[in-house]
Amino acid sequence: MSSVRVLVGTRKGAFILTSDGKRQAWAVSGPHFPGWEIYHLKGSPADPNRLYASQSSGWFGQVMQRSNDGGATWQPVDNKFTYDGTPGTHQWYDGTPHPWEFKRVWHLEPSLSDPDTVYAGVEDAALFRTTDGGASWHELPGLRNHGSGAKWQPGAGGLGLHTILLDPTNPQRMFVAISAAGAFRTDDGGTTWTPINKGLKSQYIPDPEAEVGHCVHRIALHPSRPDTLYMQKHWDVMRTDDAGGQWTEVSGNLPTDFGFPIDVHAHEPETIYVVPITSDSHHFPPEGKLRVYRSRTGGHEWEPLSKGLPQQDCYVNVLRDAMAVDRLDSCGVYFGTTGGQVYASADSGDTWAPIVRDLPAVLSVEVQTQP
Amino acid sequence: MIRVELPQHLQTLARVGREVEVSVDGPVTLGALLDAVEACYPVLQGTIRDHVSKKRRPFLRFFACQDDLSLEAPDLLLPEPVVRGTEPFMIVGAIAGG
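Protein chains in written order, with the numbering used here: chain A, 42 to 412; chain B, 6 to 103.
Same shape as in the complex, but just chain A (with noise of 0.2 Å):
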């Protein structure tokens, strides 16, 4: 029978929550690594019990762990993170040169063929990559070193690496986010990059169009169109439909087009998902109601989904990597807010369910699907 395990990375340690294939009734473990934060942990697609968790702590700086038993058990490995070369320098907050550091790995992103391969996006913005499991982490250095490292600006959560998608068709290419630097793809398996940001506007910024310099909150693409991107950017919602050439604006009829997260349907390469939130000075719902917009349309059409989520004084957030979908029929839709819910839905966002409450805030939010 089918099961879902969702992988919750939270304030004050992980979570493990599983079901079977009707996904109501759900047990859950944890909490793993209690007391440190967990940005994020994920499966590896072609070794779904192998999982790698980052680990951090103001105190005590990254760990990172690895799981070959589906989170049963952990072990640390390495935990070095050396940017390559000479670091240089980025733009600090008041614009002036600030050298690159270390601080965590904020997002982690498992091959889609081989359990000992994994990416790491981290703050300072740079990209590293395992491919012995996690026993060695090197910088893949073109994407700081492309030419516009030295402008990037942290925004006001750091300079982080926090998105990365893997093209399913196309081993050579990537795509990764950075706060506050824009989107980039590469399509040379990460030697040389290039900014694709083109059609996004930003007002918070001195040249609204600049190549570089966009808050990217998160993108998305459904594997079966991967040169369809969908992005929530500080304020828009976003697509592209050639890799990033060209991005335009479906915000549509959102009530807000602020927001965090952004998903895909498994299923539905044009159904997609956002939760719109306030403002940037007012992090949580309009009105106090949580609710999941979802468009059927590939954007600028938007329906509220709002069945079984609170609909009165909810002044949660749900930060950018707390929302995934599961590749069951019907596609389950996942999300975890600040104020310790997951929340999931079983029939693709119709309906919604808190199938955990009081966790610590939750970071991020990952679901494993199992025939």
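None of these hints come from the bench; they were simulated from the model.
All residues carry an ideal CB built from backbone N, CA and C; glycine is no exception.
Wrong hints could be hidden among the right ones.
Computed, partial: chain B to chain A, Cβ under 10 Å [stated by the list, open to error]:
| id | residue |
| --- | --- |
| 1 | M6 |
| 2 | P12 |
| 3 | L18 |
| 4 | F64 |
| 5 | Q71 |
| 6 | S75 |
| 7 | A99 |
Starting from the known structure of chain A, arrange chain B on it as the hints suggest.
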């Protein structure tokens, strides 16, 4: 042997109790002791000091014999009671406040 007290999270990470014992070849300096701790427990590399600069993580403190050694240089010779093992060298997480 030199006694070293670890904060709770590092005990969990290294799968040890509150206190570990390590030996140091040569002069027992602050830096040599931390080298020895990291050699005995490689999982602690990077959690007490930065991997590259070897600087103390800002929210950790080093205490011994009622003195705060956090700001001392790595070549500081540790007090005799620590060297003899009658007093522990303490690695302490800064209080979060609140």
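How the hints compare with the structure:
Annotation: B/M6 was flagged as interfacial toward chain A, and the flag is violated, the nearest CB pair being 24 Å apart, outside 10 Å. Proximity of B/P12 to chain A holds as hinted, the smallest CB-CB distance being about 7 Å (cut-off 10 Å). Nearest Cβ of chain A to the Cβ of B/L18: about 7 Å, under the 10 Å cut. The hint holds. The restraint placing B/F64 at the interface with chain A holds, with a minimum CB-CB distance near 4 Å, inside the 10 Å limit.
Contact between B/Q71 and chain A, as hinted, is not supported at the beta carbon level, the nearest pair being about 22 Å apart and thus beyond 10 Å. A least Cβ separation of about 13 Å between B/S75 and chain A goes past the 10 Å threshold, and the interface hint is therefore violated. The interface hint given for B/A99 holds, since its Cβ lies 7 Å from the closest Cβ of chain A, which is under the 10 Å cut-off.
Of the numbered hints given earlier, the model fails hints 1, 5, 6; all others are met.
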